[in-house]
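J.: The primary structure of each chain is shown beneath.
Protein chains: 6
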Amino acid sequence: AGDAGPINDFCVADLKSALLFNGLACKAPSMVTSDDFAFTGFRAAADTNNPLGIGIIPGFAGVNYPALNTQGLSLAKFNYAKGGLVPPHTHPRASEVITVLKGEVHVGFVDTAGKLFAAKLKTGDFFLFPVGLVHFQLNVGSGHAVTVSVLNAQNPGVQLMASALFGASPEIKD
Amino acid sequence: AGDAGPINDFCVADLKSALLFNGLACKAPSMVTSDDFAFTGFRAAADTNNPLGIGIIPGFAGVNYPALNTQGLSLAKFNYAKGGLVPPHTHPRASEVITVLKGEVHVGFVDTAGKLFAAKLKTGDFFLFPVGLVHFQLNVGSGHAVTVSVLNAQNPGVQLMASALFGASPEIKD
Amino acid sequence: AGDAGPINDFCVADLKSALLFNGLACKAPSMVTSDDFAFTGFRAAADTNNPLGIGIIPGFAGVNYPALNTQGLSLAKFNYAKGGLVPPHTHPRASEVITVLKGEVHVGFVDTAGKLFAAKLKTGDFFLFPVGLVHFQLNVGSGHAVTVSVLNAQNPGVQLMASALFGASPEIKD
Amino acid sequence: AGDAGPINDFCVADLKSALLFNGLACKAPSMVTSDDFAFTGFRAAADTNNPLGIGIIPGFAGVNYPALNTQGLSLAKFNYAKGGLVPPHTHPRASEVITVLKGEVHVGFVDTAGKLFAAKLKTGDFFLFPVGLVHFQLNVGSGHAVTVSVLNAQNPGVQLMASALFGASPEIKD
Amino acid sequence: AGDAGPINDFCVADLKSALLFNGLACKAPSMVTSDDFAFTGFRAAADTNNPLGIGIIPGFAGVNYPALNTQGLSLAKFNYAKGGLVPPHTHPRASEVITVLKGEVHVGFVDTAGKLFAAKLKTGDFFLFPVGLVHFQLNVGSGHAVTVSVLNAQNPGVQLMASALFGASPEIKD
Amino acid sequence: AGDAGPINDFCVADLKSALLFNGLACKAPSMVTSDDFAFTGFRAAADTNNPLGIGIIPGFAGVNYPALNTQGLSLAKFNYAKGGLVPPHTHPRASEVITVLKGEVHVGFVDTAGKLFAAKLKTGDFFLFPVGLVHFQLNVGSGHAVTVSVLNAQNPGVQLMASALFGASPEIKD
Chain A
1 AGDAGPINDF
11 CVADLKSALL
21 FNGLACKAPS
31 MVTSDDFAFT
41 GFRAAADTNN
51 PLGIGIIPGF
61 AGVNYPALNT
71 QGLSLAKFNY
81 AKGGLVPPHT
91 HPRASEVITV
101 LKGEVHVGFV
111 DTAGKLFAAK
121 LKTGDFFLFP
131 VGLVHFQLNV
141 GSGHAVTVSV
151 LNAQNPGVQL
161 MASALFGASP
171 EIKD
Chain B
175 AGDAGPINDF
185 CVADLKSALL
195 FNGLACKAPS
205 MVTSDDFAFT
215 GFRAAADTNN
225 PLGIGIIPGF
235 AGVNYPALNT
245 QGLSLAKFNY
255 AKGGLVPPHT
265 HPRASEVITV
275 LKGEVHVGFV
285 DTAGKLFAAK
295 LKTGDFFLFP
305 VGLVHFQLNV
315 GSGHAVTVSV
325 LNAQNPGVQL
335 MASALFGASP
345 EIKD
Chain C
349 AGDAGPINDF
359 CVADLKSALL
369 FNGLACKAPS
379 MVTSDDFAFT
389 GFRAAADTNN
399 PLGIGIIPGF
409 AGVNYPALNT
419 QGLSLAKFNY
429 AKGGLVPPHT
439 HPRASEVITV
449 LKGEVHVGFV
459 DTAGKLFAAK
469 LKTGDFFLFP
479 VGLVHFQLNV
489 GSGHAVTVSV
499 LNAQNPGVQL
509 MASALFGASP
519 EIKD
Chain D
523 AGDAGPINDF
533 CVADLKSALL
543 FNGLACKAPS
553 MVTSDDFAFT
563 GFRAAADTNN
573 PLGIGIIPGF
583 AGVNYPALNT
593 QGLSLAKFNY
603 AKGGLVPPHT
613 HPRASEVITV
623 LKGEVHVGFV
633 DTAGKLFAAK
643 LKTGDFFLFP
653 VGLVHFQLNV
663 GSGHAVTVSV
673 LNAQNPGVQL
683 MASALFGASP
693 EIKD
Chain E
697 AGDAGPINDF
707 CVADLKSALL
717 FNGLACKAPS
727 MVTSDDFAFT
737 GFRAAADTNN
747 PLGIGIIPGF
757 AGVNYPALNT
767 QGLSLAKFNY
777 AKGGLVPPHT
787 HPRASEVITV
797 LKGEVHVGFV
807 DTAGKLFAAK
817 LKTGDFFLFP
827 VGLVHFQLNV
837 GSGHAVTVSV
847 LNAQNPGVQL
857 MASALFGASP
867 EIKD
Chain F
871 AGDAGPINDF
881 CVADLKSALL
891 FNGLACKAPS
901 MVTSDDFAFT
911 GFRAAADTNN
921 PLGIGIIPGF
931 AGVNYPALNT
941 QGLSLAKFNY
951 AKGGLVPPHT
961 HPRASEVITV
971 LKGEVHVGFV
981 DTAGKLFAAK
991 LKTGDFFLFP
1001 VGLVHFQLNV
1011 GSGHAVTVSV
1021 LNAQNPGVQL
1031 MASALFGASP
1041 EIKD
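Chains as they are written, first to last, in the working numbering: chain A, 1 to 174; chain B, 175 to 348; chain C, 349 to 522; chain D, 523 to 696; chain E, 697 to 870; chain F, 871 to 1044.
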């Protein structure tokens, strides 16, 4: 909940602007249409043919859903192969609610006291990942699974723990 | 995006507390379990056997999902009979993203210049309703429909225009 | 109270800039003078010779009071003919305090539970309209009336209920 | 603009509660009436028979206008004898707009670069004092004067420079 | 920068209160003294006789520096044995500036693109760790080292990556 | 705590940009290096050969530490000759924590009730100056002294009381 509130009804991002402030430039309001607000990017299924068995489609102001600029919201859809894992990661700038659209998904987060809060979600269930805490998602059903997440910042950031710890560039040398 | 950020990892609402500040009292952290974060309230279907053909299930910190207290997020599920209408309303304290889980739903909002932004959404599509603006949802498919909304405040408020204008108690007398 | 706090002492809006971010560009500080901070736009009386019997003069950062840019405040003055009505409307992004400068004005708002809170104000009295809720003002005195409002956002927005519901463009078609 | 946004439509302060968090406890919503929102405290004129020739009536959530609790707004009315002076002071937690209801008032603030911005206001004029900066008001008209201020925080604080520098208790000893 | 701004000059935490809202209860203002604002907890050196060679002393509103309640600030002091390591961790709710009081310390963070930003700091140097990102500190000097950090939230939280990933309780089972 | 939260991991200020919004323009992320985050500006000692016996080095986003842009933090280092005084001043947009690196320093602030809170700090001690309140620092040790402050806004502003009251340009004329 740290994003500034919107000054205008909307400020649909002009993704062609090279100017960068703490947020994205707005398209001229007269150029904004209904299509800007309707997001169909989740009709597709993302490929899960990879070691983790995971496909991701974002719904971000700065990427493919510019109407979310200044609105303090962002989206993400996950496709999971059987056993597919979204490994432990954080979002440095948002809390997240996740819902299962298909399948059974084991989800959880670890709080700053090191306590794990986790559950097996069925279709339609939700779970909360508080801002900045390590969390993960694992397809524990017998087939494919799909989840959708909504986060309360327009650019929550994603930091995969394994990449941050073992894959940083340049490497972390102790 | 007006809710204060959270001071703690979580502050699961103690719904039995009678104390009211700008937010809800927290349960003792030691009493919080994984079940607090898992929300299964949307497994049910809400009855649509009413004049508007609409059933609503909230997912609110102060009602049935206390883990959302201090997290700046809230949920709502709508069941629609054929032709079911969520009539024009506002949320005074949050922006909203809505997604169609089943059916075809015509949604729209009116901006402060009086311009309508609307679209017919199919399953999996999203739409944005900016904070405080009048919006509506109408099932335009051939059968039942289901949508889920996420809002970026823990208590966004709902003001139905018809009720506010013609059903206030006591009545507005000009 | 959703506007970001100011980064500088002032950021007087450059109304000639075409750039749009979440807020308005600042004039060069060296070009700012005392005149920027003094607002005399309310010396005039707005014409009330119209069906509603209402004249409005704004005091907005983006219109005629650029010093309010980034300061989280905006103004509005209303002139009322006898019986003049500011019909039900909302401000999606600000709470408002209104005061009567002349005459007797009946004001009220409807909360999200559908309860009306209203009063007849005399000269010098104030009333609060919480953020985003439907409210109205009606001149119930025997002559002209004048009110001034202050809102806690630089661009609160105004949505007239009648226009949003029955006058949107294109029309809302159910 | 630093107050947290409101979680509820209103949270009218319960001035009898001894509990103190970052804000005031709310009265039970069922006990709230229209009278809570109507503020008539400025009908009176404050006595100006004192060395500075100034009388002040607050309109504060924690003092006499409890409906302002959580709404990010506060009020103050000043009566000025001829030559009456509100000496240099700051509000540590709010920006302020001031308007002259009667008379002619010279007002000004000093920015952090030491530059004075000042003007002689006539009835109906407004001036902005940005958050935290030293400002003052002086009745320069031929008779009594009245001003009203609105600030964008529920408890802006008032720090008189002369008192802070020369009247602190215990005394500042260098 | 997500903490709500303060409503009062200060709200020194009453650490004996069992009430929990989104923040801590205030002591009665009349009980607050100069000693509340002076923090001497860093005069001590924390023991570094442990596998990581690290000793930590907090300066937190909820622990040992209650004056920081509602002020959006917190402190931490680290003592390092030769080679002492503060292993990769995050603060979910604050950005941090760290300074070296003694010795030479290698510090760094990994951004969400997996890029490492790191430097060897000498006495008096500062480094920034943006909110929520993985970062670490390593004593690379020839003797003991000391650093002090200031964070812009009253309860930033600390999540050690190793503990979150491999030491959660109950264990994360994929 | 009034600065908006950051939208990105970092937005290192482009100090060559002439554009001014409510914050500073960001350098292209690809041009950002580790050196941007490491601040060595406090290795120097500021000259104290002046009437107040004070030297100041800032660590501000807009001056010499551009990585602090959007991060809600700023720094300042003070060198004090024997008896050196930082006279009463305010920061209109931030709370401050100050620490003594060398010597003995008497510090204090005056609250809005006119009460002085002060203490003699030794090396390593901290003190809190709440947002917007008048405060001062005085070297009371037998030799030179050094302090470092951290504030929770990127551009807190500094208003010296003596300058604001007696040195404004043009002069305040009552």
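Hints may contain errors.
Capping the alpha-carbon separation at 27 angstroms, the derived lysine-lysine pairs in DSS-like fashion look like this [said to hold, decoys possible]: (1) K115(A) to K712(E); (2) K637(D) to K450(C); (3) K604(D) to K468(C); (4) K470(C) to K644(D); (5) K778(E) to K972(F); (6) K637(D) to K364(C); (7) K985(F) to K818(E); (8) K102(A) to K190(B); (9) K886(F) to K798(E); (10) K296(B) to K122(A); (11) K102(A) to K276(B); (12) K538(D) to K450(C); (13) K818(E) to K992(F); (14) K778(E) to K16(A); (15) K798(E) to K818(E); (16) K296(B) to K102(A); (17) K82(A) to K102(A); (18) K624(D) to K190(B); (19) K190(B) to K463(C); (20) K811(E) to K990(F); (21) K115(A) to K276(B); (22) K16(A) to K190(B); (23) K624(D) to K604(D); (24) K637(D) to K470(C); (25) K604(D) to K430(C).
Note that these hints are calculated values from the structure, not bench results.
J.: The structure should be examined with respect to each hint, and the outcome stated for every one.
T.: Okay, the hints, checked on the actual structure:
1. K115(A) to K712(E): Between K115(A) and K712(E) the Cα gap is close to 25 angstroms, so the pair holds against 27 angstroms.
2. K637(D) to K450(C): 37 angstroms, violated
3. K604(D) to K468(C): Violated, at roughly 33 angstroms.
4. K470(C) to K644(D): 22 angstroms, holds
5. K778(E) to K972(F): 24 angstroms, holds
6. K637(D) to K364(C): 25 angstroms, holds
7. K985(F) to K818(E): Cα-Cα ~40 angstroms, so violated.
8. K102(A) to K190(B): Violated, at roughly 35 angstroms.
9. K886(F) to K798(E): 35 angstroms, violated
10. K296(B) to K122(A): 22 angstroms, holds
11. K102(A) to K276(B): 13 angstroms, holds
12. K538(D) to K450(C): 35 angstroms, violated
13. K818(E) to K992(F): Status holds; Cα separation ~22 angstroms.
14. K778(E) to K16(A): The given pair, whose Cα atoms are some 51 angstroms apart, is violated under the 27 angstroms limit.
15. K798(E) to K818(E): With Cα atoms ~8 angstroms apart, K798(E) and K818(E) stay inside 27 angstroms; holds.
16. K296(B) to K102(A): Measuring from Cα to Cα gives roughly 17 angstroms; hence the hint holds.
17. K82(A) to K102(A): 12 angstroms, holds
18. K624(D) to K190(B): Since the Cα atoms of K624(D) and K190(B) sit roughly 52 angstroms apart, the hinted pair is violated (cutoff 27 angstroms).
19. K190(B) to K463(C): 25 angstroms, holds
20. K811(E) to K990(F): Violated, at roughly 44 angstroms.
21. K115(A) to K276(B): 37 angstroms, violated
22. K16(A) to K190(B): 52 angstroms, violated
23. K624(D) to K604(D): 12 angstroms, holds
24. K637(D) to K470(C): Between K637(D) and K470(C) the Cα gap is close to 40 angstroms, so the pair fails against 27 angstroms, i.e. violated.
25. K604(D) to K430(C): 35 angstroms, violated
Hints 2, 3, 7, 8, 9, 12, 14, 18, 20, 21, 22, 24, 25 from the earlier list are contradicted by this structure; the remaining hints agree with it.
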